[in-house]
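**Q** Read top to bottom, the protein sequences are chains A and B.
In terms of the numbering used here, the first sequence has 294 at position 294, counting the first letter as 1, and numbering is strictly consecutive.
In terms of the numbering used here, the second sequence has 113 at position 113, counting the first letter as 1, and numbering is strictly consecutive.
The hints are simulated quantities; they were obtained by calculation from the structure and are not laboratory data.
Idealized CB from N, CA, C, for every residue including glycine.
A couple of the hints might just be wrong.
[Unchecked claim] Facing chain B, according to a computed beta carbon distance under 10 Å, are these residues of chain A, among others:
hint, residue
1, 53
2, 89
3, 95
4, 97
5, 126
Protein chains: 2
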Amino acid sequence: MLANREMEQINSEALKALQFERLHKTLEWAYSKSSFYRNKFDESECDPKQFESLTDIEKFPFTLSKELQQVSAMDLLTLPLSGVARISLWEHPQPTVHMYTINDIAANVEMTSRVLTAAGISRASIVGLLGDMADSGLFDAQQALEAIGAAAVPLSTDYERTLKLLEAAHVDTIIGSARRILRLVIQLQASGLEISNFPLHKILCLNETLQNPLKMHLEKRTGTEVYDLFSSAEFGCIGMFFQCEGHVGQHIQQDYFYPEIVAFGGNEVIHEFNCMGELVLTTLTAEAMPLIRYRTGQAVMITDEPCTCGRTFIRIITPMSSF
Amino acid sequence: MLANREMEQINSEALKALQFERLHKTLEWAYSKSSFYRNKFDESECDPKQFESLTDIEKFPFTLSKELQQVSAMDLLTLPLSGVARISLWEHPQPTVHMYTINDIAANVEMTSRVLTAAGISRASIVGLLGDMADSGLFDAQQALEAIGAAAVPLSTDYERTLKLLEAAHVDTIIGSARRILRLVIQLQASGLEISNFPLHKILCLNETLQNPLKMHLEKRTGTEVYDLFSSAEFGCIGMFFQCEGHVGQHIQQDYFYPEIVAFGGNEVIHEFNCMGELVLTTLTAEAMPLIRYRTGQAVMITDEPCTCGRTFIRIITPMSSF
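All chains should be built: construct the whole structure from the sequences, respecting the hints.
**A** So, in structure tokens, the structure goes:
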């Protein structure tokens, strides 16, 4: 199943045209509205007017994690606080305040709908949301579940409440961080209960990195199918990449993010597919806090080999993935 | 400001017609789809076909709190689990599982939008949501804030995270239970911080009863305006009644609930206004778990005196309220 067939099976030419248009708009918006990017572009003598083809993005400066840590969310913010629809705090890798316009939230919900559908969640699913309310990606998940027609079961950080809901609601899927899910499994065990006796058969694991070393352990321990969900503090969302039923690498939501692979420790862009390098991402629709050429620190390669699922979005593969 | 002028200023005749139509539908729905109500109506020899005027509701049996505790949510549920859009656990007064269709959620969001607007929340507001994600009323609040255009700041049950957000986001309103808000005030104090130094100027307090004895203390301690929000486990929502800027009693959302006042300990319905009795409520739109003539145990009187705010919904007044 696909949540948005038209976009998820878009052809390469149409996608490039869409990316060019959105990237152009993003560069102009960031330059004119974010003091952080105005300074940055001026220092590098970059002008969004010079952006004439997709590869022109390489003329623009990288954004580094340590730069973001030195400025406040207000320096990145492109609009007054009154235009902001949500403010949330992401904890990992370091506490990061993210702000969203209503369109940013809509984009996150659309991306999350695709992610959930690709993981096989349907109208018939009953999905537990495990986490703190401040993990605002779970709000997007809840709205995406509404859109899909699945039932959402907001679980608690309190174990007793969660157990009552697991027993009453026949939860078949859990979305939450690997840490929280493991803690739940252990707490159940301590109460003499086995997670495998619950009707749970799928886990969507929120990870701060693209690798999920706990995945195999979780699959074995819970008897479920585990999908990885990259949960990004800098981008403030959980649906940037997604696994399909093929379980080989993760599709990039290319209408929302423009990916590049850059040589480790260098600035050279690697244009060939299937070469390892650092993943660099640019937002294509973010309004409140656009990010230009953000160096994620993630070691990946990109493959454009056709996927068995029929989606045309290219995939990123990590060294530890099953590829 | 009114969120839904047409409904909040509806005239008495149009309201009665709407209530009759919805009540009729609800009785038929509950009788045909909920095993709990089919048994109950059969035992009392009640048939929804006999419902010919609003006061005919008095022929139907009461639903008691202890009856609900003896049955499972499944006995009340009117549809298969696959038609349910949300399942949540309400903790007070006792753990109660509530299920919602997508229409039930939409009704809760609409009610909550009216409640927030009546409390003066606008596009310019920045509203902290304090609580556990399992308090699913906060999901409704988040969606209502989106509808209004205010910014939502999901706060955490973790104090450190909440403090970071309070400092970064300029939160001017907090929605949460009195207990959690008081705990936050005390935690701030323990860190050498004073709540009155934050830009907070409004609190919407979720209460399990209609009286909020902590209200004056909270107002004085925080220097804010405090609004009461009745948070009901049995009805699974936070927007059944609301205070307007008049702060005298609470308007009843009469298009969603049909109120009666019944003599304490007896079955006699009190038709006169301004007489104390027990509040009895019937849902008018609830699909997943309708409740017929539920005895709330709340001591109130109803007034139909015009309110300074211009809303026509009648108000309930509690013995301890400022009336």
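**Q** Does each hint hold? Answer for all of them.
**A** Verification of the hints:
With its C-beta approaching chain B no nearer than about 37 Å, residue 53 (chain A) sits outside the 10 Å limit, and its interface hint is violated. Hint on residue 89 (chain A) holds. Least Cβ distance to chain B is approximately 5 Å, under the 10 Å limit. The beta carbon of residue 95 (chain A) comes within 6 Å of a beta carbon in chain B, closer than 10 Å, and the hint placing it at the interface holds. Annotation: residue 97 (chain A) was flagged as interfacial toward chain B, and the flag holds, the nearest CB pair being 5 Å apart, inside 10 Å.
Among the interface hints, the one on residue 126 (chain A) holds; its C-beta lies about 7 Å from the nearest C-beta in chain B, closer than the 10 Å criterion.
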